[in-house]
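Produce the entire structure from the sequences given, and follow the hints as far as they go.
Going line by line, the protein sequences match chains A, B and C. Under my numbering, think of the first position of the first sequence as 2, with each following residue one higher. Under my numbering, think of the first position of the second sequence as 2, with each following residue one higher. Under my numbering, think of the first position of the third sequence as 49, with each following residue one higher.
For the record, the hints were derived by calculation from the structure and aren't laboratory data. Since the model is a prediction, treat every value here as computed from it, not as a measurement. A couple of the hints might just be wrong.
With a Cα cut of at most 20 Å, we get these calculated DMTMM-like pairs of lysine to aspartate or glutamate [stated by the list, open to error]:
1. B/K263 x B/D294
2. A/K146 x B/E75
3. A/K278 x A/D186
4. B/K322 x A/D186
Pulled from the structure, derived: some chain B residues nowhere near chain C, Cβ distances all over 10 Å [as the list claims (entries may be wrong)]:
5. G9
6. A12
7. G40
8. V107
9. P148
10. R203
11. E204
12. E225
13. A243
14. I259
15. S264
16. L296
17. I302
18. T318
Note that CB positions come from ideal geometry on N, CA and C, so glycine has one too.
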Amino acid sequence: MDLTVGPNQFFWAADRWAALYADLANAPVDRVIVGELVCSKRLPFYQDRLLEAISTLQAAHKKVLVTSLALVTLKRERKLTSELADLGVEVEVNDLTALTYLPDGIRFSVGPLVNVYNEGTLSWLASKGATRVCLPPELPMASIKILATAGAELGVTIEVWGHGRVPLAISGRCYHARLHGRTKDNCQFACEDDADGLEVRTLDDQPFLAMNGVQTLSDSYASAVHHVDALKDAGVAALRLSPQSTGFVEICHVYRQLLDGEQDGDNIADAIGHIAKNTRLSDGFLSGARGVDWSGQLPGSGEGR
Amino acid sequence: MEIVCPAGTPAALRAAVKAGAHTVYCGFNDETNARNFPGLNFDRAEMREGVAFAHSHGSKVLVAINTFPRAGDEAIWQSAVSDAESSRADAVILADPGLLDYAARVHPGLRRHLSVQAAAANADVINFYARCFGVKRVVLPRVLSVPEIAAINAETEVETEVFVFGGLCVMAEGRCSLSSYATGRSPNMNGVCSPASHVVYREDDGVLDARLGGYTIHRVGAGESAPYPTLCKGCFNAGDKAGHLFEDPVSLNAEQLIPQLKSAGVTALKIEGRQRSRSYVAQVVRNFRKAVDALAADQPIPKGMLTYLSEGQATTTGAYKKTWR
Amino acid sequence: MNLMPLPPLSLALTTYARKVALSHPGLFRRLGEYSHTRFVLDPTDLPFAICLEPNGGTPSVTVTRGHAEGAARIAGPLAALLGLVHGAFDGDALFFSRDLVIEGETGAALALRNAVDDAELDLFGEISQRSGPFAEPLQHIIAFAERRTGVCLTRPEEIEAW
Numbered sequence: 002m003d004l005t006v007g008p009n010q011f012f013w014a015a016d017r018w019a020a021l022y023a024d025l026a027n028a029p030v031d032r033v034i035v036g037e038l039v040c041s042k043r044l045p046f047y048q049d050r051l052l053e054a055i056s057t058l059q060a061a062h063k064k065v066l067v068t069s070l071a072l073v074t075l076k077r078e079r080k081l082t083s084e085l086a087d088l089g090v091e092v093e094v095n096d097l098t099a100l101t102y103l104p105d106g107i108r109f110s111v112g113p114l115v116n117v118y119n120e121g122t123l124s125w126l127a128s129k130g131a132t133r134v135c136l137p138p139e140l141p142m143a144s145i146k147i148l149a150t151a152g153a154e155l156g157v158t159i160e161v162w163g164h165g166r167v168p169l170a171i172s173g174r175c176y177h178a179r180l181h182g183r184t185k186d187n188c189q190f191a192c193e194d195d196a197d198g199l200e201v202r203t204l205d206d207q208p209f210l211a212m213n214g215v216q217t218l219s220d221s222y223a224s225a226v227h228h229v230d231a232l233k234d235a236g237v238a239a240l241r242l243s244p245q246s247t248g249f250v251e252i253c254h255v256y257r258q259l260l261d262g263e264q265d266g267d268n269i270a271d272a273i274g275h276i277a278k279n280t281r282l283s284d285g286f287l288s289g290a291r292g293v294d295w296s297g298q299l300p301g302s303g304e305g306r
Numbered sequence: 002m003e004i005v006c007p008a009g010t011p012a013a014l015r016a017a018v019k020a021g022a023h024t025v026y027c028g029f030n031d032e033t034n035a036r037n038f039p040g041l042n043f044d045r046a047e048m049r050e051g052v053a054f055a056h057s058h059g060s061k062v063l064v065a066i067n068t069f070p071r072a073g074d075e076a077i078w079q080s081a082v083s084d085a086e087s088s089r090a091d092a093v094i095l096a097d098p099g100l101l102d103y104a105a106r107v108h109p110g111l112r113r114h115l116s117v118q119a120a121a122a123n124a125d126v127i128n129f130y131a132r133c134f135g136v137k138r139v140v141l142p143r144v145l146s147v148p149e150i151a152a153i154n155a156e157t158e159v160e161t162e163v164f165v166f167g168g169l170c171v172m173a174e175g176r177c178s179l180s181s182y183a184t185g186r187s188p189n190m191n192g193v194c195s196p197a198s199h200v201v202y203r204e205d206d207g208v209l210d211a212r213l214g215g216y217t218i219h220r221v222g223a224g225e226s227a228p229y230p231t232l233c234k235g236c237f238n239a240g241d242k243a244g245h246l247f248e249d250p251v252s253l254n255a256e257q258l259i260p261q262l263k264s265a266g267v268t269a270l271k272i273e274g275r276q277r278s279r280s281y282v283a284q285v286v287r288n289f290r291k292a293v294d295a296l297a298a299d300q301p302i303p304k305g306m307l308t309y310l311s312e313g314q315a316t317t318t319g320a321y322k323k324t325w326r
Numbered sequence: 049m050n051l052m053p054l055p056p057l058s059l060a061l062t063t064y065a066r067k068v069a070l071s072h073p074g075l076f077r078r079l080g081e082y083s084h085t086r087f088v089l090d091p092t093d094l095p096f097a098i099c100l101e102p103n104g105g106t107p108s109v110t111v112t113r114g115h116a117e118g119a120a121r122i123a124g125p126l127a128a129l130l131g132l133v134h135g136a137f138d139g140d141a142l143f144f145s146r147d148l149v150i151e152g153e154t155g156a157a158l159a160l161r162n163a164v165d166d167a168e169l170d171l172f173g174e175i176s177q178r179s180g181p182f183a184e185p186l187q188h189i190i191a192f193a194e195r196r197t198g199v200c201l202t203r204p205e206e207i208e209a210w
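See below:
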């Protein structure tokens, strides 16, 4: 199985942003998706570093793609989206709007924010030129198996969410701006202080979600560590790792060890907890009753699965 | 302007038609529609009778088949499309590209509307859906301002339908997994959001706690009005702030914006609320019918919507005013 | 009402509920997975609670003083409960205003609410058509309820709309 690094979902300063991709050039990953997924207002801050990041990664023999925005509404965003293919790398469509601008017959990838729930949609996307689809993180294992089988027949490679806070929702409203009493148009980039999103806790102080501008993520980091064998058997070709501010390159390494069979899932789950403290893991979308559920041991509880 | 009214039951459909609905939308009693709530919706016979009743009173019926078919079970959604056509429904409201593709190929004579669940938020993607699947109307996502709606209408031949009253999603619909994260049941896959089956209320000394999937979503004191425990309208803590971080427990009322929506080129006004009672449906429909009739006669829009019908007993004009964002 | 003996009331309401089940089969079909759930309807301004067991379409009703156990409990003033059954009020609106309190299986309560709303029950009409040994106690209850709650148990709003 391959490892794909998804687009950075958060707003990092340009130097930190560039450092991530410089580091990833030396990480054991096969594919890296760059570009802005969440908010078009962030892009100008690192736009002029994009080409350098792409060439660094390509020089290190990584396949590089550029993502579309997750929600395209404004004229400026439509223009930006229509120019994506000009970067000279394959486009990952995360809003079907991006598909409308791609030249006929061009190959493209489909990201986890496009609703690919069934064979009909997969087959329609394949007919438009999709060769790779990262399935929505919400899909259960039963759907993944069916879609991986269908993908093999259609010539579409199937990837699933492997690690990271799960993108749960996207809105027209910026919650970071709202939290600071500002409107989206005058947000003053309130999201830049929260490199992994801002924790949202319940009234009982239970960690629940993470706020990231117009995006809402899970508090937990969804992790497929306990499902690698089942995903391989199903014919899934890659796991997607989503960048985080602490120890991301190490995260890439431990997942590589897992895929190579050097470590088992429980060991990797422990390792993740050591790399980034207070990381709560989940894999309920794959196998649990609800997304937040975790099939492994809870830290300190001693309860086996 | 056309008013498009909700019907969760045959009784609500009759109430809406009698109250002056030009069009009623409803769904089958299974996971194919995005209001798959206990005790709601239409079996096949009820749908046929409902459509016949509406037609005999000059109203149209749209059938919402707007969840995303489960892999391996697409036949359930496909047969819903076939049964909508044989019920003589006037159109189906679809969101899934695979199902739209199926409907366009197998049921070309059945009019297709694009559901809000497709979150088509700009003219380019709306025109793309029209080119690929022949959709005649799009229900716009609730993230757009009135000037943005006008701009969309200037660039597309596809009719637009917008929400004017009722529950308000703050997230782009069809792009939200909050509910399945907390409860395992999602709008996209199961047609439910923050499902009642996962809600637990506890009232203690007048303080009402609402928990969803084990997470406390609200706590209201004695005498305060109670919101439904919808995740995105919950009360949470972040940083040093506490409160309704995503949206207040309010519902949409764009009644006074109807003239602007008409000038923006909107064809139809949609009322949310298939989960509400026939009494609610009748009151809201009557009110909005009066409003559009007044507009057609160049009269001012009567102020009438009663806030007591609304969640949190407070209303907002939502994204239609840009400051909402 | 305090003095009304409960067993005859339970029997009268059971007979009435079975009549409704026959004339409105859709009501119990709509309960779906909750068609064997025990519901407690608790008029908070009266000294008793009503237990409804749908039994898949052969309902039984028992009236008890004090606390009653059930999987789902809907509590509120008699006026709110009757208005809900009769279709004069909207359940969500009553809930938002805290006139109704729901406990236990919320999904079951919702199913019952929706099923009853679709059935378009006309309490006065159905009871006034009844004859037999329980007609009189039921009419007595309805008359009491109308006096007590001010909810008109015929349906002028729907007649007008025609």
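Does B/G40 sit more than 10 Å from chain C, CB to CB?
The claim breaks: B/G40 does not keep its Cβ more than 10 Å from every Cβ of chain C (closest is about 3 Å).
10 Å cut-off, C-beta based - B/A12 kept clear of every residue in chain C:
5 Å, violated
A cut-off of 10 Å on Cβ-Cβ distance, and B/T318 was said to be off the interface with chain C. Does that hold?
Correct as stated: the minimum Cβ-Cβ distance to chain C is 19 Å, above 10 Å.
Check on B/I259 being off the interface with chain C, judged by Cβ distance over 10 Å
22 Å, holds
Run the distance test for B/K263 versus B/D294: straight-line Cα separation, threshold 20 Å.
It holds: about 13 Å lies between the C-alpha atoms, which stays within 20 Å.
Cβ separation check - B/E204 to all of chain C, threshold 10 Å:
6 Å, violated
Hey, A/K146 versus B/E75, does the alpha-carbon distance stay inside 20 Å?
15 Å, holds
10 Å cut-off, C-beta based - B/I302 kept clear of every residue in chain C:
21 Å, holds
Taking the closest pair, is the beta carbon of B/A243 still more than 10 Å from chain C?
22 Å, holds
Outside-interface status for B/P148 - nearest CB in chain C farther than 10 Å
Since the minimum Cβ distance to chain C is about 32 Å, B/P148 lies beyond 10 Å and the statement holds.
Looking at B/G9 again, its CB stays over 10 Å from all of chain C?
7 Å, violated
Would you mind confirming whether the straight-line C-alpha gap from A/K278 to A/D186 stays at or under 20 Å?
35 Å, violated
When held up to the earlier numbered hints, the structure conflicts with 3, 5, 6, 7, 10, 11, 12 and fits the remainder.
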